[in-house]
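Q: These are the residues of each chain, in order.
There are 2 protein chains.
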Amino acid sequence: MTIVYVAIACGLLAVVYGFLTSGQVLRASAGEAKMQDIAAAIQEGAKAYLGRQYRTIAFVGVIVAIILAFTLGWLSTIGFVIGAVLSGVAGYVGMNISVRANVRTAEAARSSLQRGLTIAFRSGAVTGMLVAGLGLLAISVFFWYLVGPAGHAPNDREIIEALTALAFGASLISIFARLGGGIFTKAADVGADLVGKVEAGIPEDDPRNPATIADNVGDNVGDCAGMAADLFETYVVTLGLTMVSIALLVQASGTELMSLMALPLIVGGVCIVTSIIGTYAVRLGRSESIMGALYKGFWTAAILAIPAIYGVTTWALGDMNAVIGGAGFLNGGSSAMTPEAAAGAAASAGFTGMDLFWCMLIGLGVTGALVWITEFYTGTNYRPVKSIAKSSETGHGTNVIQGLAVSLESTAMPTIVIVVAVIATYQLAGIIGIAFGATSMLALAGMVIALDAYGPVTDNAGGIAEMAGLPDDVRGRTDALDAVGNTTKAVTKGYAIGSAALAALVLFGAYTTDLDRYSTALGLTGPVNFSLSNPYIIVGLLLGALLPYLFGAFGMTAVGRAAGSVVEDVRVQFRDDPGIMAGTSRPNYARTVDIVTKAAIKEMIIPSLLPVLSPIAVFFIVSWVGGKPQGFATLGAMLLGVIVSGLFVAISMTSGGGAWDNAKKYIEDGNYGGKGSEAHKAAVTGDTVGDPYKDTAGPAVNPMIKITNIVALLLLAALAAGGG
Amino acid sequence: MTIVYVAIACGLLAVVYGFLTSGQVLRASAGEAKMQDIAAAIQEGAKAYLGRQYRTIAFVGVIVAIILAFTLGWLSTIGFVIGAVLSGVAGYVGMNISVRANVRTAEAARSSLQRGLTIAFRSGAVTGMLVAGLGLLAISVFFWYLVGPAGHAPNDREIIEALTALAFGASLISIFARLGGGIFTKAADVGADLVGKVEAGIPEDDPRNPATIADNVGDNVGDCAGMAADLFETYVVTLGLTMVSIALLVQASGTELMSLMALPLIVGGVCIVTSIIGTYAVRLGRSESIMGALYKGFWTAAILAIPAIYGVTTWALGDMNAVIGGAGFLNGGSSAMTPEAAAGAAASAGFTGMDLFWCMLIGLGVTGALVWITEFYTGTNYRPVKSIAKSSETGHGTNVIQGLAVSLESTAMPTIVIVVAVIATYQLAGIIGIAFGATSMLALAGMVIALDAYGPVTDNAGGIAEMAGLPDDVRGRTDALDAVGNTTKAVTKGYAIGSAALAALVLFGAYTTDLDRYSTALGLTGPVNFSLSNPYIIVGLLLGALLPYLFGAFGMTAVGRAAGSVVEDVRVQFRDDPGIMAGTSRPNYARTVDIVTKAAIKEMIIPSLLPVLSPIAVFFIVSWVGGKPQGFATLGAMLLGVIVSGLFVAISMTSGGGAWDNAKKYIEDGNYGGKGSEAHKAAVTGDTVGDPYKDTAGPAVNPMIKITNIVALLLLAALAAGGG
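Chains as they are written, first to last, in the working numbering: chain A, 1 to 724; chain B, 1 to 724.
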């Protein structure tokens, strides 16, 4: 239990860091009145949007909570509520600091690049540490309560279900937040560009454009609040489900089991500490390389994590070479062991603390590799982005063709990294090894989120500098800060989806073990046939693979439709008041914000429900046609189909979108004719196409994958509770 | 054996039809000298390209044949050579009639739409019937030889391997032909558009554009010869592997086995007859609807196929209600039955002739459904194309976004149709039921190819009319004929990939049965663990899913690069001889054709080898890391990963590309501002993006899926022959 207390302390430390650092950020000057006015408008819009979004989600959440209360009992319902509420809080807090740091970053950029970077990065770090801290607190406090005051054994059914429900709460909120925020930000961005840059011929962030405040609000509610909710979900699901899989699969008890289940918590805890140390390493060197400064922070956190993880693993497990679990540890104490489980168990009979340490090292390695690969595919210094920029010379069509080629290609290296990690961690410690690999990836979440959340702040700072008419060199500095934001944003998405691939395997392991445990309650007479030679497995894989495509189609269409409503509103404003274009009257920013808000909320609902309802529908339809065992087989295969296809859809969209965006920036830096050239126009088209790819459809695939899996787990539990 | 003779007779009938009809086409007038000159240039270019392509492929083919001769013996080598040579012949013959019919269609369109349609469709029918006829002859004559003169039992190892090798020959050629032809046609098309329409501002098919002959050559070598080789492959693989799976899986012997194995051949045979009848039903009605005329032919062939299939099934199997195979038919007589196979066998213990008839009816239903769905997603009368056209109003970016959304969405309905078909046919007759479903889909190949091959002929006819300066109303008629070509082309691709999904399941069934049979020779001590809970299965699924992405990336990049070389050559020609633009001197068409030829051949090699070498590499690497059983498990999962991801990649690319193309045509028909408007420019961008999507990367996924599977089967056989 001491381990859990230390983990809780680390979580609290993150929260304290968040408060202290946000104090530092807020003490910085917010600049002149005009800047503050603009910032206030952005703040107001962001709060209005999030308020409405959360009210809508709350409606769905309450219904789900009631269903959970009736099917799985009050402990699970509490878990669900904690996950849901804290996911909302993470998003809200992230947005809250970011809408205050934007104007302060613009003001700080007046004096120097370093000062701008400091404010922007610190505000990102606040979001990062709060997300990781709240995530860690949610699980560890809840776990402490369950095994302490509530008196459950660590592998009691109630704990497993309650932790799963906690993850479900986080996932459900995050899919709405990611998608709603993603639709908002890109509808406003695309709409503002179409009607401003293309039709009216005014530059980006021109104050005469009525959609410009909405565009800046979008950065905060999508790239900041939506991202924070998404990563909160990823953090909670990964750590929580690692604990669940230990409880389900490892044949251990008493202190050994307790220490093992607490290990993910303390690993998360010490990595928060190394991440906090890392934040202080972010400084511009002599080369003034912003990416270099951010990397210093990341590598400091990652390298310090190695001895830290070794230390806590030794502390938690004692003898690093003692075997845990023993032969058959994958069996989880079930009497009806399937032939597959037996084969898996034989492949890895027990594991040692040292094995787990290696698995966690592999997880850190995967994170590092994904960061590097993402930079390769989205950075302006490498072949892919340059090839898109070059193909812009021959027109819009070739720019898009090359961008699509890069987006398809960008899936290869991450897949190979993930495949190698799966094989290596599985060889070391079976499914548990894969789970610990994912845990150590997520342990660095605080630092990764800090890098990402820094992006929207600098993007906003640039917008405010433009609108407030600050001198050109200020805008130059904020642009430089913003450019690396494209890469860091893509990094987080690749990282989240990569960890999702590992987590999905763990979730599938939990699903099969659960099936096995509940087989009597579910009315199953024999093991479910998960062999690829069962055609229902193919059916499940195909249906699962379809989900990311359909979800992506919904997301892209939603952005197009919502952007269309922005265009119409702005056209009306320009027509009704010619003073706007003349610069004599102020456009009605709030009306545009309100229109995007309504459109985004409306558009997010159906697609978000797709991954929640599909597993349930598929299970019941297939069970009705082919019998219950095939229903469970199809559902299980569907879970893997979602990840097999979702991984590619998500990586291709997020890397491809980032590459398009930076190809435009590369041309704007003076290559292939620079700003205003024909190549630049083609690159703007590519950037527009990449927008919903990278910020709406692509990133929302990550929570979608998890939610499908978790719904399946809860469906099993509910069916078992209902006697099949 | 009588059944086989009748099938051979039907195959010969198709060849006779092809000769007679091509005589009719060639007797039509080829128009004035100028038209004949242009047509001669196209002919020359197409022949030169195909000649060089086949020489390159022959080089690879000879190496593969030698390897086969040493590993699997001379019967397999002969099978491989027959498949390879006839695939080449099918492509060559298709190209040959199409480069002669183009100019005759242009000439016929001078007098009436009906006459133009007749010439173009008949030439398509020649290709269609020759592909189906040659395919049927290849398998049935080879099978006759093996069970007759060579004296093998129908389920002898030699027959199984020889038929697999025949399929391999067809696949290997078709992947090169599909990809090489696809790169040629789209590089020429995109290159000609970029430098002609965009840079020089001259219309499509303007004789001053040096790339215009290359563009027309491309239609013949890509959309005609490449498509014919692809469909030849699909036909041979589907029918051949249905026979192989019967030999492997069904516990029957003597006449019963022989009749069952000959059933796919006779079904193919009678459907050639109904397809020939169908070709005579293609006539314009009073509404002058061209699509309606083509559909009359298709539906005649499909509806007549129902009683025909019923008739031959009764004839071949006798009592339609007698049970074939009996309990355990999935076992194939192996002693080491895996638990999975046992579960599968229990699910469907034997089947009747009536069951097979229903499965074939389902196959026909799938074909009909896929035709309708493809028309919905690519036809100008429905929401998807209209939505892309509408989104063109707001610019290039929104056109591409909406096109991508449509392409993602277009995967949903075909997936559901395929899933329903898999479940239904499997419930009726297990894996054999799925195989017969695929067989009846392919039985209509002659008709489907006829509809498709008609497209490039009309496309060329339009080009010739433009270049020869024929009156505007002639171009109007050829344009009308061409417009439906976009839909029929997309139909064939959806149909081929849909049948590939079913065929892949059959191939996977063959793979697992082979593993089981050879287990001693392969040195396996127990069943291979194909359960989804084995992480190596996920590894295989992920690696398999990666292949279509990587392959797509290569294809798209290749088109971009090759198109770039066209642009450069044309720029040089314009610069060196100003007389070209003035219309006083003739551009050097042949030089451009030659440049595209070299580029396409160079670009096709690496991507085509990807699916051939990947399964071998994956097997050996994984076996080395995780042991041989995991190597086989990973390889098996990889086969399904390719189809699970390839189905979506292929459908989204081919339907999306068709939708973009027709959205442009819809605008050109006078909607949203018509030709020359800003919306039209945006639609041209979408069309350009869709070009390599629908004609290069997308369709080549179909042979890619098959080749990966077949290589795996042959690898097993080779390993077993080598003693593991």
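Simulated from the structure, these hints should not be mistaken for laboratory data.
Misleading hints may appear alongside valid ones.
Simulated pairs of lysine-lysine, PhoX-like, Cα-Cα distance not exceeding 20 Å [said to hold, decoys possible]: (1) 197/A x 386/A; (2) 681/B x 197/A; (3) 197/A x 665/A; (4) 681/A x 47/B; (5) 602/B x 197/B; (6) 665/B x 675/B; (7) 47/B x 598/B; (8) 197/B x 681/A; (9) 665/A x 675/A.
Q: Going back to the hint list, which numbers does this structure go against?
A: Structure breaks hints 1, 4, 5.
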